[in-house]
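Protein chains: 2
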Amino acid sequence: MPKFPEPIERLMAELGRLPGVGPKTAERYAFTLLKRTPNERDRLAKAIVEAGNTLLTCSTCRNWTVSDPCPICSDPHRNRQTVCVVASEPDLLAIEHTGEYHGLYHILGGTLSAADGVSPNDLTVNDLLARIRKDPPREIILAIDHTVEGETTILYLARLLLPTGIRITRLARGLPIGSEIGYADEITLTDALRGRRETPTPNTAEK
Amino acid sequence: MPKFPEPIERLMAELGRLPGVGPKTAERYAFTLLKRTPNERDRLAKAIVEAGNTLLTCSTCRNWTVSDPCPICSDPHRNRQTVCVVASEPDLLAIEHTGEYHGLYHILGGTLSAADGVSPNDLTVNDLLARIRKDPPREIILAIDHTVEGETTILYLARLLLPTGIRITRLARGLPIGSEIGYADEITLTDALRGRRETPTPNTAEK
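Which chain is which? The protein sequence lines are A and B, in order. Per the numbering used here, residue 1 is the first one in the first sequence, and the count goes up by one each step. Per the numbering used here, residue 1 is the first one in the second sequence, and the count goes up by one each step.
Honestly, the hints are just simulated from the structure, not real lab data. Computed from a prediction, not measured in an experiment: that's the story for all the values here. It cannot be assumed that every hint is accurate.
Chain copies aren't distinguished; within one or between two, either way the pair holds.
[Said to hold, decoys possible] Taking lysine-lysine and the DSSO-like style, the derived pairs with C-alpha atoms no more than 30 Å apart in a straight line are:
no., residue 1, residue 2
1, Lys-46, Lys-24
2, Lys-35, Lys-134
3, Lys-134, Lys-3
4, Lys-35, Lys-24
5, Lys-3, Lys-46
6, Lys-24, Lys-134
Model the full assembly from the supplied sequences, consistent with the hints where possible.
Take a look at the structure:
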């Protein structure tokens, strides 16, 4: 089987280990990189190495940070009475982008999954328990995906946190913006029916 | 607008410069890389830098190589009477994978495109002319994409090479394997009709 020269094959193999990158995409990335200047390649290589070397994990919320505690945990203007539990750093950022939430966070590091062998010990569940025992908030929002793994994680955490007496909430389930009832799936529509509210919808966020 | 810590943002920005990588994909790549070991990140970074530093361009065919001339140009078993002109290195490899071609190659480095501002001077056209003047082959195969840019390039080269008296050919156009006539586009079907052959199809490759 003819092949590219070894340095290209090695580059393609390494690029092919990125998520969702097959041989064709790896080839495309490799050839794009080879057509750039050495300086541009160095910048990417340096970003990869340095991101790993300079980032810490916030000892409170487990978010990536360059200083511990992270800017959110150390921000005196954040509401310390609410902790929003999210699966991952991008989920945290998605919630920050709404501008609707001003409390603290806790990054679980994933969701429970029997199929992928993710158990509570693989997540930061114990850190969460230790943290809320030390400094109990008034509310814990479980902002976790509305998927099988997410639901499992929500049920597990809700049961685990019940004895603390802290108010435990989860994100509303229902029709996303732009959705048409005729095209909505049955579960979403069932969720939307069960979660129906008096009109006009009261804004209950962060009361 | 809330952001990830600077090293992550920088890594995402660099990854986002790969072709077809949007912000979401860059984020996914970045977080995958951050979850790996430093050793794994170093391997990717090293592959990126080293590929650029160790690769040469073959002075004959303009293919990437670690030794000049490249293994194909220096292979005594290749048929030196045929030069196959391809746009890019991956195209060369695709033809090598057929096992059907045993001649030499010439890498153009792209196709002519008025829209992208690619003119003959941006391609290795002069190298091709110098090369065939020095060592004229019996046949030049223009194995270039059947696209607007590819067709333009084929027409340009065919006209340019006409005075040399060398036999100039191009790849057959027609129905790809697995295609159904009812679903074929009109141009492909027109090509297939015009290029029709007596049955059984004679194997004319590399006669």
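Results of checking the hints against the structure:
1. Lys-46 with Lys-24: both (25 Å within a copy, 21 Å between copies)
2. Lys-35 with Lys-134: between (55 Å within a copy, 28 Å between copies)
3. Lys-134 with Lys-3: between (59 Å within a copy, 29 Å between copies)
4. Lys-35 with Lys-24: both (17 Å within a copy, 24 Å between copies)
5. Lys-3 with Lys-46: both (28 Å within a copy, 20 Å between copies)
6. Lys-24 with Lys-134: Neither. Shortest intra-copy (51 Å) and inter-copy (36 Å) distances fail the 30 Å Cα cut-off.
The structure fails to meet hint 6 from the earlier list, while all remaining hints are met.
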